[in-house]
Every structure is written in C-alpha cells, then in structure tokens.
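Here the protein sequences line up with chains L and Z, keeping their order.
Under our numbering, read the first sequence as residues 11 to 283, first letter to last.
Under our numbering, read the second sequence as residues 11 to 283, first letter to last.
Calculated from the structure, these hints are not laboratory results.
A hint or two may mislead.
[To be verified] Restricting the straight-line Cα-Cα distance to at most 27 Å, the calculated cross-link-like pairs of lysine-lysine (DSS-like) are:
{"hint": "1", "chain 1": "L", "residue 1": "K136", "chain 2": "L", "residue 2": "K208"}
{"hint": "2", "chain 1": "Z", "residue 1": "K59", "chain 2": "L", "residue 2": "K88"}
{"hint": "3", "chain 1": "L", "residue 1": "K88", "chain 2": "Z", "residue 2": "K81"}
{"hint": "4", "chain 1": "Z", "residue 1": "K15", "chain 2": "L", "residue 2": "K13"}
{"hint": "5", "chain 1": "L", "residue 1": "K238", "chain 2": "L", "residue 2": "K136"}
{"hint": "6", "chain 1": "Z", "residue 1": "K59", "chain 2": "L", "residue 2": "K48"}
[As the list claims (entries may be wrong)] Simulated DEER-style distance windows between Cβ atoms:
{"hint": "7", "chain 1": "L", "residue 1": "A77", "chain 2": "Z", "residue 2": "S185", "range": "50 to 56 Å"}
{"hint": "8", "chain 1": "L", "residue 1": "V178", "chain 2": "Z", "residue 2": "T41", "range": "57 to 63 Å"}
{"hint": "9", "chain 1": "Z", "residue 1": "N142", "chain 2": "L", "residue 2": "Y39", "range": "32 to 38 Å"}
{"hint": "10", "chain 1": "Z", "residue 1": "K69", "chain 2": "L", "residue 2": "T50", "range": "24 to 30 Å"}
No residue lacks a Cβ here, since even glycine has one placed at the ideal position from N, Cα and C.
2 protein chains.
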Amino acid sequence: MSKLKRNERIGAIVKILCDSPNKVFTLNYFTNMFNSAKSTISEDLVIVKKIMEELSLGKVVTLAGAAGGAKYVPMMGKEEKTTLIEKICEDIRKKERIMPGKYLYMADILYNPSYTKGIGDIFAEKYSDDGNQVDYVLTVETKGIPIAMMTARGLNVPLVIARHENKVTEGPKISINFISGSTGKLQTMYIAKNAIKKESKVLIVDDFMKAGGTAKGMIQLVEELECKVAGVCVLMDTISPSQKLVQNYLSLIKFEAIDEANEIIVHPNYEKL
Amino acid sequence: MSKLKRNERIGAIVKILCDSPNKVFTLNYFTNMFNSAKSTISEDLVIVKKIMEELSLGKVVTLAGAAGGAKYVPMMGKEEKTTLIEKICEDIRKKERIMPGKYLYMADILYNPSYTKGIGDIFAEKYSDDGNQVDYVLTVETKGIPIAMMTARGLNVPLVIARHENKVTEGPKISINFISGSTGKLQTMYIAKNAIKKESKVLIVDDFMKAGGTAKGMIQLVEELECKVAGVCVLMDTISPSQKLVQNYLSLIKFEAIDEANEIIVHPNYEKL
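One chain only, chain L, in its complex shape:
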C-alpha cells in the first residue's frame, strides 16, 4: 500500500475507532497500519478529536503514556438526542399501535436499527465514565434485547440475557421470581450461573417500566450473583404508578395515557436528555 495522506489516515482512524466504541487502540496500532511516525498519528488524533466535538459526533479520548492511544466514546449533542427521542415519540403516537386491552404495539420501534443504535449510545454515554466502569449489560428476554445489545456495544462490555425458561442447553442457573407489572403475573427469571463474574458492576437495560417489577427482579438477580447494580435504563416508563419498585432509573420517554379520543399521550423525558 502506498503511504496515505493525512486526510486518508483520518478517514481510516475515524472508521476504526467508531467501529469499536470504548476500545483503546494504541498509537503503535496506527503507526504500524499506516507506516507513520507516532508524532504524525498524534497530530491526526488531535484533528479527529476536534471534528467529533465540533460536530457532536461523539468523543475521542486520547490516553498518554506507554500504553497511550485513543478510544471513541459515544456522545450525542443534546439537540441530536432530543431530535431522536421526539421522532420515536411521534412514531409511538400512531393510533394503529393500540391493541386490544389498550396495550401498545412497540416491537417495530424496539427492533428498528435507526432507533436502537441511538438509544444504546445515549445509555452508553451516561455510563462511559471511567471512574465507574460497567462490566456487563443485563436485560431479560425479549423486547429489550436490541437496545441492550446496542448499549453493550457502546460500552464494549458483554451482554447477558436473563431467560423466562430454564433452557437445558445453557447449564446451571440461578433463578428468582418476580411480578411483571405489565401483566400482573408471577414470573421466573433464569440466568446462567457463570454468566457474570462476582463483584462486577452491572447495568440493567429494558424496554419498558410500569411498576418496576421486572427491573426489581433483575436487581435481585444481580445481588444474588454478588454483584453491584451500576444503573437501570429503560426506553419508556409510565407516569402511573408514580411510586415504582425501583428508585433510581433513567427513562428516555414518559408515557402518560391513552385518552378517551384514543390519543397516545407520550413525550420525551426532556430533563434527562
């Protein structure tokens, strides 16, 4: 390969860093790839950092010292976050989502790749703080998996999925019982015994919170595994009941009600964006 120009190296560095959020790439990695001096790569990284910040495209953190290098951390501007969450709310308000029993059909939103990455990036950004590193993202099957996966990707940590059934193919389990707020039924949650190392910090991600029973169940599971809960993130919660079973959590969308005219009253949780 012929020697690349600065603008070519910068394009490549951006691609490589952003493909693997929160992964550190050493200066050596890039000097080998481009056959360039460290000082040259350092200058490239200064430019990459600047573009990301100026255009609210994310944050590039450079690390000094022997293991020096750079990593990309998802970070969206307040305006970009608000635009995304408003767009999702607009989509939620479609009346054809209302199912018998006044349930809202949400699967297409939760599985839409143009939403899931942004949602995952918002959650990952909040928990990308180096002082309080998250070790795992935990969700329970099924609807929260895509946004949990995107959060895990943003944080560069493994995703763990609790199951509703004890699958024989997955070896020994730990289980807890919980009451799902959306159906009012007693349910069981299983997790593979070795899926999470003791004393890890676990970020809980789910699609929806009503009373908080499912989230509380996941918190219990984390404690059962002798780990700590780093936080609880949901895409949407209901304003009622106002007293949830979980105290501290982040929700991006507030669901108020389906009113008498069948309007779905939902809005971004502006203060948390």
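For this one, chain L is given, so just place chain Z on it according to the hints.
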C-alpha cells in the same frame, strides 16, 4: 462553526456514513452541513471511497443524478473475516463450554459485541446487493437476536422477532408449529400479523442449525405471510445430519463433534468466507 478543512470534512463524512450503513446521504446533506460546494463534497467522497477500499474497511457507493449522494455498505476483506471467525472458533473450543448432555454454552459468544457486529456485517454484506434488496431480517427468540439485530443494522432494514409464546401485548398473530432439532420437541412460533408487509423479501438469521427445523419453521412463517425468503444465515451448523431440512443456507462455522477427549471440533467454513 468555522469552515472545516478537507481532512476534517472527511473524518465527519466517514463517521456519518458508517453510523448508518446502507442509508443514502445526499450531496445536499453534506453541502448544508459543511457549507461547501457540491464539487468539493464530491471530491471528499472520492477520497473516502478510496480509503475504505484500500484498507478493507467497507465500501462506499456513490450515486449519481438528482438524488445523488453516497452510502456505506459493510464489507470486510477475506482476511478480516477469516481472522474474526477463527477467533470465534478458538473461543468455542474452550472445554468449560461443555454442559451436561453435551450441549455447548454459547451465550457469551452470541452476545459479545466484539463478535456480533462483525457477524452481522458479514451477513449484511452478502445481502447488500441492490438488485435483490432485503426488506426485513427475521429471527426467532432468543439467542439469535443480537446477530440478527446487527445484520438488520448493516442492511438498514427492520428486524422482526418471532416469539415462542403468544404474548397478549402484541395483538393478532400468525403461528406455525415446528420441531426443534436441538431439543427434538414440538414447538410453536408466533409472529405479529402486521409485522411484515406482504410480498416482502425476508432474510432469516439464527445462531445455530442442527437439523434445520427452526429455520424451516421460519421459512414457513415467511410463506404464510405471502413473502419471499431472501436467504438463511446461521453462525454455526453441525456437519451431521448432512441432510438438513433447509437446502440453501450460509453458515460461517462448521461444528463437527465433541470427541472422546472432550475436544470441541469446530472450524471456520472457509469456502463461504
């Protein structure tokens, strides 16, 4: 914002294109963002295209005409693909994966963000052909969801997840019965009636294929919805039985056996990479 230099614009263009694979961004989008002439942006795109190809970082397709613009298509070099799949095989070979009943514990691999994106990109690349556009990615809960989500993201199409239970919260369903090869049990698969539009092309993605019962079930579901199967992709299949219930499918890893010394015999499906 002050006017950006070429290398800054290029960094930003790479980030924006790669954040939304298979989404077309018009020249106007970039001229507005950077306050630059179309000819300038066109030159930038030529450079972006060149870097991606030279470094096997993906493909940038430029589209001429009034709606002209550019999009990023996931594309890995043969070497990168082989390295990734060999690394996954290495990870699969760990003996502690062997569970009672000779099942392999695979969840940590299937939910590992540093694997899932690459797997999704490999599948997306194979089905990014403009002449044979995929409209949806379909999987069945649970273990295939992360790679299916990443494939949907690579293709920029919605993900649809078939369920094992008929959830009341999701409205009217279509269901089919099938026999799962890994457990030998008769199971049911449900899909929301309106999740997929008639006459769409659907790409089926799953984690594992033994006899092909689950994949065949998904094919039946697609046909039930009056849609066409664009293809079937699995991360791993078994060499036995050699006669599967599904004829054409792409598998990235071949599982042979767990031998008498408890070695897990598994290798990349080199000819398909």
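Verification of the hints:
Under the criterion of a C-alpha separation no larger than 27 Å, the hint pairing K136/L with K208/L is consistent with the structure, at around 23 Å. Taken as a hint, the K59/Z and K88/L pair is broken in the structure, with Cα atoms around 31 Å apart against an allowance of 27 Å. A hinted pair counts as satisfied when its Cα atoms are at most 27 Å apart, and K88/L with K81/Z qualifies at roughly 26 Å. Of the supplied pair hints, the one linking K15/Z and K13/L holds, its CA atoms being roughly 21 Å apart against a limit of 27 Å.
The hinted pair formed by K238/L and K136/L meets the criterion: a straight-line CA distance of about 17 Å does not exceed 27 Å. The hinted pair formed by K59/Z and K48/L meets the criterion: a straight-line CA distance of about 25 Å does not exceed 27 Å. Take A77/L and S185/Z: their Cβ atoms lie about 54 Å apart, and the range 50 to 56 Å holds. For V178/L paired with T41/Z, a C-beta distance near 58 Å keeps the hint of 57 to 63 Å intact.
The hint said 32 to 38 Å for the Cβ distance between N142/Z and Y39/L, and at roughly 37 Å that hint holds. Evaluation of the 24 to 30 Å hint for K69/Z and T50/L yields a pass: the beta carbon distance comes to about 27 Å.
The structure fails to meet hint 2 from the earlier list, while all remaining hints are met.
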